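These protein sequence lines are chains C and R, in that order.
Under our numbering, the letters of the first sequence match residues 22 to 218, in that order.
Under our numbering, the letters of the second sequence match residues 61 to 357, in that order.
These are calculated hints, taken from the structure and not from any lab test.
Only a predicted model underlies this, so the values are computations on that prediction, with no experimental measurement involved.
It is possible that part of the hints are untrue.
Distance windows between CB atoms, simulated [what the hints assert, rightly or not]:
#: 1; chain 1: R; residue 1: 128; chain 2: C; residue 2: 31; range: 37 to 45 angstroms
#: 2; chain 1: C; residue 1: 31; chain 2: R; residue 2: 314; range: 27 to 35 angstroms
#: 3; chain 1: C; residue 1: 86; chain 2: R; residue 2: 233; range: 38 to 46 angstroms
#: 4; chain 1: C; residue 1: 52; chain 2: R; residue 2: 314; range: 51 to 59 angstroms
#: 5; chain 1: R; residue 1: 349; chain 2: C; residue 2: 179; range: 49 to 57 angstroms
Think of the CB as a built atom: it goes at the ideal place given N, C-alpha and C, for glycine as much as any other residue.
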Amino acid sequence: MTAAPQVDPWQLERIKRRLDALQHWLGEDRRVRILGTPPLEDIEGQFRLAGLRCLLGALGARPGQGATIWLGHGEVPVAPNLLLWPAPGLPASATALPLPDPMHALWGLLEHHPPGNGTLHLPAQPDWRPLLPLLQRLPPWLPVPARVRRALLARAQRLVRAHAEVAAPRPAGSILAAMLGRGFLPTPATEAYWQQW
Amino acid sequence: MVKPASPPLAGFACLVLAHDNPAQLLLLLRWLGEHGATCHLHLDPRAVAVRAAVEQAALPGVALLPAAQSFRIAWGGFDMVRATLALLRAALAQPGVTQLCLLSGTHLPLLPAPALAERLGDGANHLDLRFACMEPPDRESLHRFWFRGVPGRQQTQPLVRWLNRHAWRLGPRNLARGLHGLTPMVGSQWWHLTAPAARAMLTFLNANPWYEAFFRHARIPDESFFHTLLGATPHAAALGPPMSFQCMRGYSPAVLTPAALPAARASGAAFARKFDQATQPEAVRLTLAAGAPTHVG
Chain C
22 MTAAPQVDPW QLERIKRRLD ALQHWLGEDR RVRILGTPPL EDIEGQFRLA GLRCLLGALG
82 ARPGQGATIW LGHGEVPVAP NLLLWPAPGL PASATALPLP DPMHALWGLL EHHPPGNGTL
142 HLPAQPDWRP LLPLLQRLPP WLPVPARVRR ALLARAQRLV RAHAEVAAPR PAGSILAAML
202 GRGFLPTPAT EAYWQQW
Chain R
61 MVKPASPPLA GFACLVLAHD NPAQLLLLLR WLGEHGATCH LHLDPRAVAV RAAVEQAALP
121 GVALLPAAQS FRIAWGGFDM VRATLALLRA ALAQPGVTQL CLLSGTHLPL LPAPALAERL
181 GDGANHLDLR FACMEPPDRE SLHRFWFRGV PGRQQTQPLV RWLNRHAWRL GPRNLARGLH
241 GLTPMVGSQW WHLTAPAARA MLTFLNANPW YEAFFRHARI PDESFFHTLL GATPHAAALG
301 PPMSFQCMRG YSPAVLTPAA LPAARASGAA FARKFDQATQ PEAVRLTLAA GAPTHVG
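Model the full structure from these sequences, guided by the hints.
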C-alpha cells in the first residue's frame, strides 16, 4: 500500500502568506468581531477559529466594532463590513473574502512527529465526538474555558499524529493533516480546495 | 589594450567570525584575498592575541571591526547575531558587493576559486533552511522559539543545562503574536546570500525592531534569526544547497582529518569546517592544494 501524498511545506507557506491580505480589509483601527463560531464538537472549525485568532493577533487586531468575520454558523449577521469565511449561502450584499481557510495561519506552529500507523477516518459530519471521548463527557450547556479548548485541540493533534495518513471528507481535515506532516486520501472536495490555492 | 580579467571572487564579501587560532584564520583570509574576495572580520574583544596577529599581518582586503564595536560572544547567545549583523551592514555599505558568505575562522574552501565562484554565483541563496516545526521533536524543534534560553554550552555547564531544561515552567511564548505571523525556520549558522536578499533582510530589520527583540530570548538564535527572516522574503524561493560542510561530534563540529575530506568534497559544499593547522596539518594542506596553493606553513 502506498502512503497518501503529502503537501509540499513550501506550498503551505505560500498559502499562509496569502492570508496576509486580510490586513487590507481590517481598516486603520483593526477592530474585529468574530461571529458564527463553530460548536465545540466541530474540531476542524475550532482549528479554523484558532488559526484566525493567530492571524488576527499577528496583525495586531483587537476585538471591537469594526470588520466582522462570520465563520459560517448560525444566522448571517447584519453588519456594515461583512467578511465571510468560508462562504456558504452568501447573501447578495455580503462581501466575501477570497482567501484560503484561516486554519493555514497555524502552519509552522504545530510540531510534526514521526508518523504513526494506519488511516484516521474523520467523521462524515464535522462532529469529532466519536473520536475524542473528552468531548462526549462535556455537557453541551457548560461554558467551556479556553484551557479546555486548547486541551481538545492538543488531543486532536495527538490523534492525527498517531496515524500515518488521514481520510478527510472536508478540506479542513486535509489541511490539519498537511500541517501535521501527514498525507491525506484525496476526495473531490479536498482536491478542488488544494487546486484552488 | 586587453582589460585584465577580474579575480574569480570579485564581488564576494566574506563575513568572518573568529575568536582563536590566528594561524588558521590567516590561512583563510589570505586565500580569500588572493582570489579577490573582501573580508569583514569580527573578533571577540577578549581575543587580544588574535587581533594583534591580524593587525600585524595587515592583509589587503580585510576590514577588521574595531574592538569597541565588537561583541563578547557567548555560545548560543544573541551577541553572535549582533556581530553578524554588524558585519553584514559593513559589507553592504561597500560598493560592488554581489554575494555574502558567513564563515568562521576555521572554514576553508573545498573548491578552486573559479569553481567556487561558479557554484555560489548561480543567483541562489545557499544555506540550510528548514521549517522548525518539521524538526524531530526530540531535538529543538519549536522549543527553541517557545521557551526562553540561557546562552552557554549545555554539555559542559550543568547550571545552563538545568535552567534550559526547566524553562518550560515559565510557559510557552505566543509565536504567532511574537513573530507577527512569520513562520519559524532554522538551519546551520553558516550561509551564503545574494546581495539583494541580504539588502531585503536589512530593510525588514530596520523597519521592524520587534524582530530583533523577539530573538533576543530565543535559544541559539544564530541558527534561526537569519533563516526565519529569509523565509519571510520572496528570496526564499531561490534556494540552493548549503554552502558549508561540517561533521558534528556531539554538540560541536569535529576537526576534519584527511580521512574526512572525501565526504566533505562529496557533499557539494563550497566550504568546510573545522580545520586546524595545529592538530591536523595534513588535512589543511590537502584542502588548500586541491584549490589553489597558498601559504601553508
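task = Compare the structure with the hints numbered earlier in the document and write down the numbers of the violated ones, lowest to highest.
result = Of the numbered hints, just 3 does not hold.
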